[in-house]
Amino acid sequence: MPTPLDLAQKLAAKFEGLFEPPVEFREEITLKLKDAARIADVCAAAKKDLGFDYLVDISSVDNYGDDPRFTIVYELYSFTDRVHLRLKTEVSEEKPELPTVTTVWRTANWHEREIYDMMGVRFAQHPDLRRILMWEGYPYFPLRKDFPLAGKPSETPEVAFSRAAPMAGGPFVTVAGGKDSQAREPRIRNPEE
Amino acid sequence: MSTVQELEFRDAAGRVTAAPGGLNAPEPGVPDSDAGEMPGDKMILNVGPSHPATHGVLRLVLELDGETITKATPDIGYLHRGDEKIAENMTYTQFIPYTDRLDYLAPLANNVAYALAVEKLMGIEKLLPPRCQFIRVMCCELARISAHLLGLGAFAMDVGAMTVFLHTFTEREKIYNIIEALTGARFTTTYTRIGGLFRDLPPGWTDMVRKFLEEVVVNLDETEQLLTRNRIFVDRTRDLGVISKEMAIDYGLSGPNLRGSGVEYDLRKAHPYLVYDQLEFDIPAGSVGDCYDRYLVRMEEMRQSVRILRQCLDKLPDGPVSIPDGKTVLPPKKKVLTRMEELIHQFMLVTEGMNAPPGEVYFSAENPKGELGFYIFSKGGGTPYRLKIRAPSFVNLSILSELLKGHMMSDTVSILGSLDFVMGESDR
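Here the protein sequences line up with chains A and B, keeping their order. Heads up, the first sequence is in my numbering, so the first residue is 296 and it goes up one at a time. Heads up, the second sequence is in my numbering, so the first residue is 562 and it goes up one at a time.
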């Protein structure tokens, strides 16, 4: 039975120089792809040659303040070897686009639509890239770090509207996990931040 | 162009002209301002978000040719509450009540899955006391029986068998009483904590569960008598909504939907967590992948859950229910009020949260609806930088646009019931 590290190294060997060395944390292997434009080729090879026939999840992380800004995380699973592998790739804010993997696993369709809806990352050649959780015509990308928790007002005529949630004194006004109690206390911290 | 339109009865086998404009096609029978255009023969039917058969707020836009569906577009997001955004602003413990509301039919299972994910990030999942692990397994299996009872009850009711719904809900009431004795709430349990449980079992709880297990088996037998060989039920579910093995794997299905299509994959056996490797149980799998198979898989899973629960009750050890580490688990109140170190631990845990190491983990548990996964990206500290919830219902619903094509309108109800999804989980 191959271990996750074996399969990760095999995949990295197929694509010379495209990957950073595999990282292991809590018995999981993460492979970072340096060039996001090759993700479809890499995934196709993972499915065809290494047996990763199941795409568990595609997630997105907004590294606000870092460049490249968005990290897209693919969780792959192989039924035959019972092995889990994570592939990561990054796209910048100026050009938040990468190829779709819907041609490899059809389940990626909805996952990529959700990433487009929540983060604003576009997927080239996606068969139906439109918003999935928010309504058509909603102007913002809610999971980005610069989008406030309370929401922003918006109007989509005949469809829906949104208003900023009233947060005065509510549980989110205190920043959980903040190190400094001065930063946490409501009367000092400005809730609009 | 005539100003009076004559409604013709559409002949399903007759000529079909594609409706112009797709989803925004003009309704047949309404005078069209575009000169010279025939109205399409296809009807757009909106199975709106508020509909008794859609199991929550799912909107389906169906393009019908007579009775047959030619195009189906599910529209979700009506229950989107922004859980993932909220998680970035709360400590790990503060987020547990939000996990109750994901799959609100089996809240204990979500609590357990989330607690295990955070414990994997912290690296403490091996330190859980055995009593805690056995109780968590019992919670998961009770949640599984509860969720399947509701799923099958609603499925049968939609298909026409009303009595089954009331039968299954009688048993669910007993489960609610058991859960209320355990956690204090019937529904929104918030029972697990990172590193343990909220509190130990109340006295007499194991007897309650044993009594319930004897009654539920009788009830399951009665439900099977009502449905499994019932001519009408079989006709309404056999060979309907067939999902092949390749399609199920390609679309990322999990749970009973995947097993109904013949893939014998259960996270409790493939990657055992908690004490599932010490327990004996079987995994039912279907052969055809139709609605009937999925129904049978769920029925058998409930019986296996009863088997697991009996073993847990027999093997339940004594001992603590939480890790004694003051930096992760709140110390007992007696010590907090009298000793300095515990007071500091309590203060730090409540204000800052536990100090998670930087890194990323993905953990998934076998929930009643499928594989519920949590991807946590942590930059250290008490709050996650990003928490992604891999909801089984979200992925299971993506197959609808492919699956409903070619079926009749009344089959939609059958297929939706057999997929057994929950919108709270799908939309988060």
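Because the hints were derived from the structure by calculation, they are not lab data. We put the CB at the ideal spot given by N, CA and C, even for glycine. Check the hints yourself; a few may be wrong.
From the structure, some residues in chain B lie toward chain A, with a derived Cβ separation under 8 Å [unchecked claim]:
1) S805
2) I810
3) L904
4) Y923
5) R947
Here is what the structure says about each hint:
{"no.": "1", "hint": "S805", "verdict": "violated (13 Å)"}
{"no.": "2", "hint": "I810", "verdict": "holds (6 Å)"}
{"no.": "3", "hint": "L904", "verdict": "violated (16 Å)"}
{"no.": "4", "hint": "Y923", "verdict": "holds (6 Å)"}
{"no.": "5", "hint": "R947", "verdict": "holds (5 Å)"}
In summary, the structure is inconsistent with hints 1 and 3 from the numbered list given earlier, while agreeing with the others.
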